[in-house]
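J.: Residue numbers (numbering that gives the first Met the number 0), protein chains in the order written: chain P, 0 to 457; chain Z, 0 to 651.
Calculated directly from the structure, the hints in this document are not laboratory data. Backbone N, C-alpha and C fix where the C-beta goes; we use that ideal spot for every residue, glycine too. Check each hint, because a few of them may be wrong.
When the alpha-carbon atoms are kept at most 20 Å apart in a straight line, the in silico SDA-like pairs for lysine to any residue are as follows [as the list claims (entries may be wrong)]:
1) P:136 with Z:290
2) Z:620 with P:229
3) Z:283 with Z:335
4) Z:620 with P:224
5) Z:353 with P:142
6) Z:496 with Z:570
7) Z:620 with P:240
8) Z:283 with P:140
9) Z:620 with P:242
10) Z:283 with P:141
11) Z:283 with P:145
12) P:257 with Z:537
13) Z:473 with P:243
14) Z:620 with P:238
15) Z:353 with P:410
16) P:257 with Z:613
17) Z:353 with P:140
18) Z:283 with P:143
19) Z:620 with P:226
20) Z:620 with P:241
21) Z:570 with P:221
According to the in silico footprint, chain Z covers these stretches of chain P (three or more CB under 8 Å from chain Z) [to be verified]:
22) 220-229
23) 247-260
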Amino acid sequence: MIVTRRSFMKRAAAMAAGLAASGDVPFNLAAMAAASTLRASPVSDYKALVCVFLFGGNDGNNTVIPYGASDHAVYASGRGSLAIGRDELAATRIAPTNTGGREFALHPSMTRLATVFGNGKAAVIANVGPLVQPITKQQWDQSSVPVPPNLFSHSDQQSQWQIGTVDSAVRTGWGGRLVDVFYSQNATAIASCISTAGRSTFLGGQSATGFSISPNGRFGFDFYESDASTDPVSVGFREILTTARAHLFEQAFVDTLKGSIETQRLFDQAINDAPALATAFPQTGLGDQLSTVARMIAARAALGVKRQAFFVTLGGFDTHGGDQPQQQAGLLEEVSEAIGAFYDASIEMGVANQVTTFTQSDFCRDYPANGNGGSDHGWGNHHLVVGGAVAGKKLYGTFPTLAVNGPDDSGGGRWIPTTSVDQYSATMARWFGVTASDLPLVAPNIGRFASADLGFLG
Amino acid sequence: MDRYGPRYSGIVAWLVACVAMIPLPALGGDETPRHERSLPAQSVTLVAVGVAGPVAPGSNVTLRADLIGVSGIRYARFREGTQELGIDRAAPWRFRVNNIAAGRHLYRVELVLHGNRVLVSDPLEVLAGNVTPQPPAAVAADDGVRLLLQATFGPTSADVAHVHQVGVNGWIDEQLALPNSYSHLQYMRDVKTMTGMPAEEQHAYEAIWQNFLFGNDQLRARVAFALSEIVVISNIAPDQSPWALASWMDMLYRNAFGNYRTLLQEATLHPAMGYYLNMLGNDKENPAEGYRPNENYARELEQLFSIGLLKLNLDGTPVKDAQGKTIPTYDQSVVEGFAKVFTGWSFPGNDATKFDDFRYPDHEDWINPMVAYPAHHSPGTKKLLDGVVLPAGQTPQKDLADALDLIFNHQNVGPFVSRRLIQFLVTSNPSPAYVSRVASKFNNNGTGVRGDLKAVVRAILTDSEARDLTLAAKPTSGKLREPVIRFTHLMRATTAKAANGRNSVWWLDSPEDGLGQSPLLAPSVFNFFSPFFTRSGAIAAAQLVAPEFQIHTETQVVGNANFFSNVLWNKGFGFEDDGWLKMDLSPWTALAGDPTALVDALNLVFAANMLSTSTRATLAKTVGAISTSDRAGRVRAALTLLMVTPDFVVQH
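Hey, can you work out the whole structure from these sequences and the hints?
T.: As structure tokens, this is what we get:
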């Protein structure tokens, strides 16, 4: 949704070269196939990645919380008025099998995802964030290694998470780069990257670009009934569409309208042909978006897509104020219920092992409560990955020491990430089918980090 | 907002004409009935039974009078033109036209009632054979209205009358002379007075739309809007103070007809920009800690607000060296030099002794210019453009003045600013000569002043390339009108007003649900679209640019069309009840009885009489196919189609 200077420049340059790199320009299948010059790893199955972007900076410190008695006491003392009581966390306890018995809990609102975690189909990735390269606290204090620019700026951090690496030369989104590798294998290339939240940096690759669809599933014009309708406005609209124009801009506008109708006809057909879903989705903003994504996945055969990336969003996480507890509680409930329903829908469709959903956000929030009882911008965050292929019921990465001025603190309780966004995305890329040799196409700077595969996807 | 409003029923079947109560001159025949107004509940509609579209010549067509609430009928008289065709003395009131001649026929029925009253239907058109309706008469483009398309947020009928009265130059003179009296900040304060609640983010946008919609100084507003798309701040995150946004717009209005050097100064020191591009609290270098000044503002100021990446000729084309290659205006070291200049500025009252309190201040003033903190200003030399090096030890103010003077006096600024303003007002593809003429005015307004925006704006609008109707008719002329301006045009031309005298137009940047464009909500400092954007296909092949097309994606054209369609169904728009802009369609519905008259009037006000013949025919046919008893429906249909018609969407 946020187009940064970098991704914008990339698109402008590509436009001048004649490639349709900006979102939603009318597509021509042959041109798209020809434009993809990336080596494609041939795949015979279907896979999809769904990015749930939490805009504003979700407070991971209250999303994944230490639960053991003494553990929790340390947490509570450090968080002050923001601390969630241990008794409130009982219903969302999670017991990762790889933390040596150390227990955690998800935010009290997230009962549905806590259950999925307990069933081994969700994992926590701890303290992950944008990094130029690995950095220790000492290096941070001495400013002896480079760090990402504009660390606490919303737009920069949203961009760095969606681009998936900190590198001024990389301007595409990692979701787009990921799909680029398989682009030529999608028969309906325009369906490769779908956003229900408008334009996104995440889905902007070199060939693949995000196509925006409406969360409420309306594909067409409100006033255009059909090609056969004799309603006067529909007739008039058809005449407008079929009257050739001498003026170049006028004709281009008509072409865009026509292209839109063609694309919508395509999607409509595919979705209508697909079996309806029985799974009930919550009627929330995120629920609507994920329900739309589910319908698109149900139509994958009709669309002839093998590898898809989706981008859905929820905003409101920038909780500086004293209403953080209520605000975050409502938002995380929406997240948990919607992702939970989406996971259930994937089971219903028989693609649970082929669809992986994961969260991203601008940043975590700083650890101690601020003067207003809320919290300000942080850095390293905890995220959730959900899906049948997830090696779940585990906590990956390293949970930070929750102490201001502690070994993980860059200052003021803003955790220095111990896992990078590059590693997060690379792990998902490997599962998606990107070979080790192709991995730098998706995660160009993965070589800066110790491990290219965190292991959370089987 | 009712998105799923009622749709047109698939009427189809019959061409209908309707409504009574039209007094007629005395009829011939054995009586001279008196005519008087019938009761409103009565109506007569003439229908052609089973006819849907043109009929075969030589076929038989049965006409029938359909009645609502009418009784006491003596007879029904059927006419074509003034000629009487026949009379039916009993229900159902019918007449059969035998062996209909090829061509266009206009029929009426008159119901003569007891008591000497007559009800008359509107004309019913029946076409026999491949007869299309009369093509619309040719109409000359109206340059006065063309000017208004270029220079306002969309003309109203009153605006059209006025420009006809005072002429193009007179209109421009009037506009340039209007004092700058609108204040966005005052609007924000008034919100608190009127509602008792403090102003919030959406009120800043309301303040902007308020003057776009209702202000008299339309040209200043257009130029300020254009400047907001060149020197960009955005609240897309959102993380700007609403007061900062309002103050920023006041600043642009203040400078729209002022001097570009002043604009550069005020933009640089405005805290909204300071926040957006990180100059606020930007600290001097600290090599010991590895800290270097933030380069964001330095980079974008040069690249986007003043000189651009390539050295330019006066005509806006890039300078080429002896090898035919373009020449960059600056490199990274220059950016670093400027970054050092832009250090040591922040809100008044910050604690300059503390690094953190200087960079992330508690004390915020989003309205007044940033002030200098010498202790945080880079002390060393600063290497700037074209080899100029500022000496060490200058005050922050002196460094700033020198740096901005250097930028302002760069040969690029004239063509850079001129070309962009031309693109926002007149045409996406000005000729190099046009750019030259305007840039010359930027360089010297005629009395030795550089950077005079008033002179630049006048030059842009009075230039022959803006006013020549032959050029306007070319297939590469003009530009795609910005969605914001198409929306304001619709609201202005329908005199849309809110009960509270304000508006509630807030976030319209969604391409699916809105315009895909909304003031101060650009996706980035690169605005909604790039001045260099070209659309692949014929436009790129012709080596033209089409900036606004960058936001006209497949999603946006649908979303936009639906947005307008909904506004028209609901006869208005707003996010809030009191501030809901209600349209007044009465001047348009008054014309809707005659499709040609309606379309002609729309053509003038919305398109300066430049809709193509085929568009006018389509619109007239669409209107005519809707019952004349549904005048609101006729106007709505016409406007819905107009909003997506390419010759409205594109200004020529």
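J.: Tell me the hint numbers this structure goes against, listed in increasing order.
T.: none
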